[in-house]
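Below are the chains, spelled out letter by letter.
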Amino acid sequence: MMNAEEIYNLLKEKFGEAVIGLEKENPTEPIITASPLQIHKISEFLRDNDQLKFDSLMCLSGVDDANGEKIKEEDGSEIIKGGTLSVYYHLHSVSLKHKITLKVSAPREEPKVESVENVWKCADWHEREAFDLVGIVFLNHPDLRRILMPYDWDEFSEEISRHPLRKDYKNPEFYQGMKIPY
Amino acid sequence: MSLKTETMVLNMGPQHPSTHGVLRLELEIEGELVLSVKPHLGYLHRCFEKHSEAMQYNQVVPYTDRLDYLASIGNNLGYAIAAEKLLGIQVPERVEYIRVIMAELQRIASHMVALGSNGADIGALTPFLYLFRDREHILSIIEETCGARMLYNYIWIGGLSHDIHPDFVRKTKEFVNYFKPTIVELDNLLSYNKIFIERTANIGVLPVDTAINFGASGPTLRGSGIKFDLRRDDPYSIYDRFDFDIPVGKGLQGTVGDCWDRYYVRVREMEQSLRIIEQAIDHIPEGDVKAAIPKRIKPPKGTAYARVENPRGDLGYFIISDGNTNPFRVKVRAPSFVNLEILGELCKGHLVADIIAILGSIDIVLGEVDR
Chain H
13 MMNAEEIYNL LKEKFGEAVI GLEKENPTEP IITASPLQIH KISEFLRDND
63 QLKFDSLMCL SGVDDANGEK IKEEDGSEII KGGTLSVYYH LHSVSLKHKI
113 TLKVSAPREE PKVESVENVW KCADWHEREA FDLVGIVFLN HPDLRRILMP
163 YDWDEFSEEI SRHPLRKDYK NPEFYQGMKI PY
Chain A
2 MSLKTETMVL NMGPQHPSTH GVLRLELEIE GELVLSVKPH LGYLHRCFEK
52 HSEAMQYNQV VPYTDRLDYL ASIGNNLGYA IAAEKLLGIQ VPERVEYIRV
102 IMAELQRIAS HMVALGSNGA DIGALTPFLY LFRDREHILS IIEETCGARM
152 LYNYIWIGGL SHDIHPDFVR KTKEFVNYFK PTIVELDNLL SYNKIFIERT
202 ANIGVLPVDT AINFGASGPT LRGSGIKFDL RRDDPYSIYD RFDFDIPVGK
252 GLQGTVGDCW DRYYVRVREM EQSLRIIEQA IDHIPEGDVK AAIPKRIKPP
302 KGTAYARVEN PRGDLGYFII SDGNTNPFRV KVRAPSFVNL EILGELCKGH
352 LVADIIAILG SIDIVLGEVD R
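Residue numbers (the numbering used here), protein chains in the order written: chain H, 13 to 194; chain A, 2 to 372.
Treat the hints with caution; some may be incorrect.
[Said to hold, decoys possible] Residues of chain A placed beyond 10 Å of chain H at every Cβ, according to the derived structure:
| id | residue |
| --- | --- |
| 1 | G14 |
| 2 | Y64 |
| 3 | K86 |
| 4 | D168 |
| 5 | I198 |
| 6 | V268 |
| 7 | P286 |
| 8 | P295 |
| 9 | K299 |
| 10 | E342 |
| 11 | D371 |
[What the hints assert, rightly or not] SDA-like cross-link-like pairs, simulated, lysine to any residue; straight-line CA separation at most 20 Å:
| id | chain 1 | residue 1 | chain 2 | residue 2 |
| --- | --- | --- | --- | --- |
| 12 | H | K191 | A | Y44 |
| 13 | H | K182 | A | H46 |
| 14 | H | K109 | A | P236 |
Hints were generated in silico from the structure; no laboratory data involved. Treat the numbers as computed from the prediction; the structure is a model and nothing was measured. Beta carbons are placed, not taken as given, at the ideal position from N, Cα and C, and that holds for glycine.
Chain H with its partners taken away, still in its complex shape (with noise of 0.2 Å):
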């Protein structure tokens, strides 16, 4: 069983650069920050090496982190311009029964994160949730599509109603026909 302290010692040993940090302020759980383009050697070393063995992804989650400049619209809406998107992992080793969350932040203009499908198979559909309703694309997923939202969705939405989840999310005025604002 290991710390975070320990656990981010070590990543920061192996790989350097590509670890970025220890949030500790946080008061119910220390996250490491990582880079989101290395983020996919970064995990197979947390599952496969012997003193981390993380072998459960309990949690995907994608983020808005809304960090960015809000312009004000006409219509009196926000939208969002520079920031981030997160991505945050949060790991459990059931044989040495200690846990860790990670975050990896990508440019909200360009969210790139590599995909950890092949490392914990059960990150497939989290991805492709968080691709969905965050608008997060996750590199070398296999089957990268729309999962809650419909397949068209982008066919009859602007730009900025692509995403629910993001925080200057609009609803778009029909779907199909149908009108959306009730």
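Put chain A on the given structure of chain H with help from the hints.
Same frame as chain H, but now just chain A:
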């Protein structure tokens, strides 16, 4: 001589009684043989996660009821634990005891639906009716306390919405005594029924490594013979005080991890839930169930992840707070969502009729798959 055959694409659902809700399966079949299964979700999607961003923390609780609507108490509990973690509140002993008893009653009620509908899907209608008759006892016990039969809004952040009804302890004990022999009846009626075994043994075998890799949890994982239960392995609330076993699949009628094993794990789990209730029911301490409910819920900046063992598996809530009265983000890791992913693997090479048995044994609730 071999005949040239063509594969056919067949839609099962979304309006199919045994897809347990609105789930569409795209089957590629060759005659009766299933080559691949592609689930299409989202027919019940109502973006719970977006709704909760517009709600205050305590207002999210009724929404969680509607995720896994057969096990609402478990959903309330998981959300409450995550929010309490974020707020750093300790709930009174009395609340913990009532929560555990309620959650276990709910687990039994939920397993009753799972087992009953699993049987009904493949032709055994009688056990379904028997189990629904018995489930009525649980529903009325809970109804007396909190006024609702399915969507309870019972477990609040820091406490409970109501104290238990004066008759609660007596009626729960009555139920425990009544239900013990009924499990034997269920075993005779369905578990060891020759036809049921023929339909479920050696069907949809889930190997151990696939189960772990796909992140399966709950009876689906334990059916494959892995002793993993959050109540034991990552204890929350006061589960570490009770003595109970974790039933796992042993391949009694066929192979380890087949449909029958998953079914049987649920039957034996109901017994263990009764054991937990028996241990807890006489030791509910006195106290106020609303004492720790905060007047104004405004957690500090930060994140919290909490998970509980729901009847269908490992239910996780990830809450991000930005220091406001509304959650910044709530993500639900729904057990059915993750377990359903395995369906494609399990159905390969089986017959169309077996899909119904396999789907019933995974026991999904579309309310939490689609959220």
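In ascending order, which of the hints set out earlier in this document are inconsistent with the structure? Per hint list: 3, 10, 11 violated.
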